[in-house]
Amino acid sequence: MEIPRDLAIERRQGSGPQFSEPVERRGDWNDGSLTSAARRAWDQKQLGVLIDGNERTVARGLGWFSIGLGLAEVLAPRTLERFLGIRHHGFLLRVMGLREIASGVGILTGRRPSDWLWARVGGDVIDIASLGMALSSETAKPANIGLACAAVAGITVLDMRCAQELSRTNDAALSARTIEVRKSIQINCSPDAVYKFWRDFQNLPKFMSNVESVETLSDKCSHWCVRGPAGKRIEWDAEITDEQENRLIAWRSLEGAQVENYGTIRFDAAPGGRGTYVKVHLQYSPPAGIFGARVAKLFGREPRQQIHEDLHHLKQIMETGEIITTEGQPAGRARGTSWKYDQAVRRQVDSRLDYQTSAA
Amino acid sequence: MKANCWYGKGDVQIVDVSEPEILNSRDAVIKVTSTAICGSDLHLYNGLVPTMEKGDILGHEFMGEVVEVGNEIHSVKAGDRVVASFPISCGNCFFCQKELFSLCENSNPNAWMAQQLFGHSPAGIYGYTHMLGGFAGGQAEYARVPFADVGTVKIPDGLSDEQVLFLSDIFPTGYMAAENCNIQPGDTIAVWGCGPVGQLAMKSAYMLGAERVIGIDRFPYRLQIACEKVGAEVLNYEECDVYDSLMDMTGGLGPDACIDAVGMEAHMPGVIGAYDRVKQSMMLESDRPHALRQAIMACRKGGTVSIPGVYGGFDDKIPLGSLMNKALTVKTGQTHVQHYFTPLLERIQNGDIDPSFIITHRLPLDEAPHGFEMFLNKQDDCLKVVLKP
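Residue numbers (the numbering used here), protein chains in the order written: chain L, 1 to 360; chain E, 1 to 389.
These aren't lab readings, by the way, just hints derived from the structure by calculation.
Possibly wrong hints are sitting among the right ones.
[As the list claims (entries may be wrong)] When the alpha-carbon atoms are kept at most 30 angstroms apart in a straight line, the in silico DSBU-like pairs for lysine-lysine are as follows:
| id | chain 1 | residue 1 | chain 2 | residue 2 |
| --- | --- | --- | --- | --- |
| 1 | L | LYS340 | E | LYS9 |
| 2 | E | LYS98 | L | LYS196 |
| 3 | L | LYS279 | L | LYS196 |
| 4 | L | LYS183 | L | LYS196 |
| 5 | E | LYS279 | L | LYS279 |
| 6 | L | LYS340 | E | LYS279 |
Computed from a predicted model, the values in this text were never measured in an experiment.
Can you build the whole structure from these sequences, using the hints too?
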């Protein structure tokens with residue numbers, strides 16, 4: 001929690017890193033160009049006429065409504081048949097009732113009620129279609145069917161609005177433009193030693209398995225080559241925005257970076273002479289957007305996990321001189337490591353191989 | 001080379017694999033002369049521990065002759081006869097420096113996985129799941145030993161393989177279990193499970209000054225070994241009520257310390273046993289902790305419960321009320337084997353103990369699958385199987 005507070009203070013004082021993307025955007029609030037968050041808030045106000053921003057409450061109501069209607073269809077299909085003036089459709093009504101109950105329970109208990117609400121919208125359409133077909137029955141009571149249609153249509157609109165709104169809130173959490181990662185690790189060496197190792201940027205590819213190379217351009221500036229998702233190479237220039245010897249390094253990417261990023265590494269002396277707490281706080285805009293980050297997560301390259309592994313590798317290098325591996329050991333299968341479980345080890349080796357080939 | 005590989009529940013096979021090489025600069029490669037099947041290997045054999053992969057070489061109890069060392073290894077050289085410790089430990093991290101070797105921070109490349117399950121990762125272990133590193137094990141003709149300067153002890157001439165092999169795991173494990181009991185003169189120690197670790201824990205309890213040792217099991221041959229070779233009093237839990245018997249034997253006080261040398265696959269007659277079996281087979285509970293429950297209930301007030309038995313996950317119906325209200329101390333952990341190497345080797349040299357008394361079967365490596373089956377089903381009065389590559 002220390003880091004952002006520091007950054008916030010620096011920002012207010014107008015010194016320290018100027019974070020191009022997020023800060024300027026936030027600064028734009030009064031200039032009429034709305035951020036996506038603000039636009040969302042505005043949209044929400046328009047929809048508010050209907051559901052008043054309380055989409056969760058409305059969803060719960062719809063959930064209970066669904067269960068109630070479902071129960072009626074399951075328990076009293078005859079009464080409904082009589083009301084609509086149709087015959088011999090008791091079984092169908094019961095099935096539709098079960099569907100209603102399922103979506104109701106889904107809305108009330110599911111992790112993503114919006115999905116269940118969309119299922120309800122689909123169900124509503126089927127209901128209206130079925131009611132339309134019921135009209136062709138000889139015994140049909142058109143007035144009652146019309147009434148039912150109107151009711152279902154009203155509910156459909158509510159279902160759709162609520163589902164839309166909930167989907168929007170789900171995505172809101174993910175659609176922030178930057179990903180923020182915070183990790184820390186204890187290393188059994190003095191802050192000076194860890195700082196010194198880190199400050200020599202040539203060392204970074206040794207423990208950051210995604211980083212192919214870091215070229216020092218000047219005292220403050222460096223050029224980074226990183227393997228992005230799907231093996232795509234990403235490059236940028238970065239500058240050190242703040243530096244306190246043996247304590248802290250802050251950086252940000254320079255204009256034109258494919259992946260904008262900025263952050264801080266602190267080297268805090270652990271209490272009682274127990275080495276160093278290395279604390280990383282970084283933010284970046286994922287290259288392929290949030291979608292890319294999601295896909296990356298599927299393939300085990302989730303940024304938090306990646307940085308955790310990298311820090312564990314740094315710890316191993318600082319404490320034992322190298323990173324322990326199992327790649328190349330014997331096993332009663334094609335490769336010594338497991339595709340499923342040993343990703344951390346395999347990634348380390350694969351990235352080293354990639355680096356060698358790209359260097360050659 | 002030949003190696004004993006895991007292919008699934010109840011399926012281990014001797015397979016021809018490549019020979020291990022030096023992969024890190026503090027590695028050594030050992031030509032295995034003796035290796036053993038551990039009771040904890042049976043948990044893998046029964047498919048109860050997650051993150052095993054088809055083709056994993058098993059075995060974490062092994063010794064042999066060093067054939068090659070990495071360029072950072074100076075204290076061990078080719079030709080040395082060594083025993084390897086089952087935890088792999090760097091010797092440099094906070095925990096290794098406190099001699100808590102089984103908690104090493106740097107030896108498990110897959111630490112993140114264990115972290116998800118346990119909160120933090122213990123050290124890497126040979127042939128014991130990918131969650132604990134995915135290292136090739138020692139039930140093979142050759143084995144790679146990472147951090148060989150920390151993870152091996154040199155064996156002086158004059159001691160046989162069988163006398164020292166168990167320094168790799170079960171002797172220190174039994175010893176640490178007894179040491180964790182903080183034994184005082186006059187103490188009574190009860191030990192659940194008269195398998196290899198239980199036997200060595202009982203023997204160690206006597207070495208550390210216990211007055212009485214009580215062994216609990218259900219196999220008459222194991223109780224007989226505890227009785228004859230260790231000198232313990234014994235209880236067969238299928239023939240008596242363990243709690244009542246222990247109270248009878250201790251004037252209602254209970255044993256001063258209780259050792260659970262059973263772990264996750266305890267057997268229990270009756271309804272509670274069936275309850276846990278069903279839960280475990282439905283993956284609703286990872287372990288069957290009967291021995292632990294009994295140990296807590298029976299332990300003297302203010303006493304110690306020491307747990308060398310292996311547990312893997314989340315357990316039900318642990319009598320925490322008893323633990324708290326009786327002011328018990330719980331001590332447990334994977335064994336810090338390297339910490340015990342020198343003192344226990346001395347014990348063996350002095351003749352205080354010869355751990356080989358537990359060996360009942362000596363088989364060539366080729367017959368490892370048979371050895372697993374025999375050990376699991378307690379056939380032929382099997383207590384400990386030593387394999388010779």
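Right, here's what the structure says about each hint:
A hinted pair counts as satisfied when its Cα atoms are at most 30 angstroms apart, and L/LYS340 with E/LYS9 qualifies at roughly 18 angstroms. Restraint check for E/LYS98 and L/LYS196: the C-alpha separation of about 26 angstroms stays at or below 30 angstroms, so the hint holds. Taking the CA atoms of L/LYS279 and L/LYS196, the gap is about 15 angstroms. The hint holds against a cut of 30 angstroms. As the CA atoms of L/LYS183 and L/LYS196 are separated by approximately 20 angstroms, the hinted pair is consistent with the 30 angstroms bound.
Note on E/LYS279 and L/LYS279: the hinted pairing is violated, with a Cα-Cα distance of about 42 angstroms set against a maximum of 30 angstroms. Using a Cα cut-off of 30 angstroms, the hinted pair L/LYS340 and E/LYS279 holds, with the two alpha carbons roughly 27 angstroms apart.
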